[in-house]
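Residue numbers (numbering that gives the first Met the number 0), protein chains in the order written: chain A, 0 to 472; chain B, 0 to 282.
Hints listed in this document are in silico derivations from the structure and should not be mistaken for laboratory results. All C-beta atoms in this analysis are idealised placements derived from N, C-alpha and C, irrespective of residue type, glycine included.
Example chain B residues on the side facing chain A (calculated, C-beta under 10 Å, incomplete):
| id | residue |
| --- | --- |
| 1 | M131 |
| 2 | F166 |
| 3 | G180 |
| 4 | V182 |
Label-pair ranges, simulated between beta-carbon atoms:
| id | chain 1 | residue 1 | chain 2 | residue 2 | range |
| --- | --- | --- | --- | --- | --- |
| 5 | A | L107 | B | R128 | 16 to 22 Å |
| 6 | B | G123 | A | L107 | 19 to 25 Å |
| 7 | B | A40 | A | L107 | 28 to 34 Å |
| 8 | B | I208 | A | P135 | 36 to 42 Å |
| 9 | B | A162 | A | P135 | 32 to 38 Å |
| 10 | A | Y172 | B | I208 | 55 to 61 Å |
| 11 | B | T233 | A | P142 | 57 to 63 Å |
| 12 | A | R148 | B | G76 | 36 to 42 Å |
| 13 | B | V198 | A | P135 | 34 to 40 Å |
| 14 | A | P142 | B | D229 | 52 to 58 Å |
| 15 | B | A162 | A | R148 | 23 to 29 Å |
| 16 | B | R128 | A | P142 | 33 to 39 Å |
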Amino acid sequence: MRHGTISHIPITLRVALAMGGLMIVLGMVASQQVLRSLSRLHDDRLREIARLHVEGLSVALGPLVLHKDVWEVYDTLDRARGASDGQRMLFTVVADDRNRVLAATDPLRAPVDSDATPFSKDASDLSALTASGGEPQVRVRAPLRVAERTVGQIVTEIDVGDLVAEREQVSLYLLLANAGATALLAFAGYFLVARMLKPVTVLAQHMDNVGGAPSRIPEAEIPKSDTELARLLRTFNAMTGAIDARAEAEKRLAERERFVSLGRLSSSLAHEINNPLGGLLNSVDTIRTFANRPEVVQKSVALLERGLVHLKDVSRAILDENRLDRVGLPLRPMDFDDLKLLFEPEAARKGQYLDWQVRADGADLASLPAAPVRQIVLNLLLNASAAAPEDGCIRLSVAPNDGGVELTITDNGRGLSTQDLDRLMSSAPVAPGGGVGLRLVHDLVAGLNGRIRHDRDDGRTSVTVFLPRAAAS
Amino acid sequence: MRRRDFFRTLAACAVLPCPSVLRAKPLFRLALTPVFLDNDAVVIERLREALSQGMGREIDLVQRRTYQEITGALLDGSVDAAWLCGYPFLQHRGQLSLLGVPVWRGQPRYQSYLITSAGDQATGLEDLRGGMHAFSDPDSNSGFLVTASDLARMGETPDSFFARTIFTWGHRNVVRAVAGGLVRSGSVDGYVWQALAAVEPGLVARTRIVSQSEWLGFPPFAARSDRMADPAVTTLQRALLGMDRMPAGRKALDLLFLDGIAEPDIRLFDGIAARMAELGQAG
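Using the sequences plus the hints, can you model the full thing?
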């Protein structure tokens, strides 16, 4: 899913994001390094401050601690605190060699003679002192030495709030500056990459244009400077032309297929026209011969009229099938009568039995366009007729079904070959050779959002086409 | 400095007509026990100016850390005279004589205070048993003898009664030690405590008087008995006794919160002698 989400982001944005990400990583690494150096500097400064503070006190306190002079130790601490009033020393306790408190700046907190361990145990040595904990005060301990002898120790709390605040402030500024620089680089990267990849965006837009078909890129949008991408876009344009040409050819082929269908019927239709002509000529002879017998003339004229009407119907059906301006007319039951008129002679010529069952009325059919449905039915009938043997049986059934119309053409022929089935059922490319009639059926059904089912059962082949009612109708 | 020189010259001219004789005289040395604001350079300087003017000669004020050092310097002749505490004076009664006794609040007497921190609930010495106590100096009357003799009356010694005692070598330090919480209680010169209340009210406000002693002889000015006839010593005595009548002396006395310096009366120190006796010491 994640992969899918990422791949939906335009490539220009993705590259810019990747660049921004890299910049952020770089910024973080740089910030980390600077912060570490800053931290080291701060710690050095803190240690120096603490060292000066503690060493100054140590020199003064050493002999006093050696003599365990409580008052003098207190006096020294008190004066040192007074001298640094409001400065760094917050609290100092001085202990003797048994770690008993001798004196503290705050005797109530560390009474004389009490145990100094609670103060010394959490304190750090001078060398290990660090302000990185973020605490506004640190506690440091140092031994008190007189003549190379440790006579006690001093524990002092030092105010490092200003150092910590300074460190936080510098860190904040650093992070802000880095974030700003990173954002700037990321944006600059985005614009640069977007500019460089603009032809790619154009290509992507034209590949998936409105309607899903690739469209030609205007020459004005092809960059002059970038020869590689210009070549790519021109190649794309050439391919688009080839695709257009192919679609055009297919369209023309489908158009021609209608004439092919009629062509296949032409011989039968010629018979259909020729056969009545003999009877009609006989009627003319009869009229001429028995011109004075009105009842015979009357009968012959009626015969003539019936024959001419039939010829008119046949020629109208042929003309209708050929007319291009029928596109958009709704399907009517009469269209099936036309089809029967066109196809019946062909079946009759082959001695095939035609079972014609149209159970759909005008309301069922009206939402479907006449031209493609006629083409579908005629092609399937011709196919069935070609497959069925002499004296075979061909059946057409048209019935309303589940929000649409179901057309079923059945024959007792040898069945469809694998190649024919491929043409009828799938959108895979058509293998060279063979007609395009079944593929045309497939494409027309797909265009009407219908579906085709093929059944082979007990020596019978059934092709069922379901066409849903168009929603708008 | 210029002003001081002017006064010095003026005083010298008033006393002795010949300045060259003045310059030839050796420096007169007066020692001060740390009874008062020994850290206050202005007070010391004003006192020195007043006495220089009064004596008509240059004098040097000598300060030491302990009473013992001052007493020792006086006895061995390192200094010509000293502002002593009554207690060391009485300890060396046979060798020393009084020059004058300061008058504070109308009388040449003062008290010793027993103090604690402001929040302490103690109502008397007995309540302070087992705490830490600050004395000023082992040779101080108000800063040691009074409390030690009170304890002697109770059959105690400072070491047995208190958990620990410390000497702070100055009355102001006793107040600091109590105010800062270093010790629970302290023995302090009442005159110093009152003077501090005016000069450093913030410090004194953190302490509270638990008890006050009887009125005892104010720390006197003294010199070696064998030098009492020395003209320099008699000049000093005159200058001391006449201080309140001179502008410079008045100014120094005001800074010291004193009214003047009175003729000595050895009976003023009977109270201290009695306490010394209680501590088992001879006068």
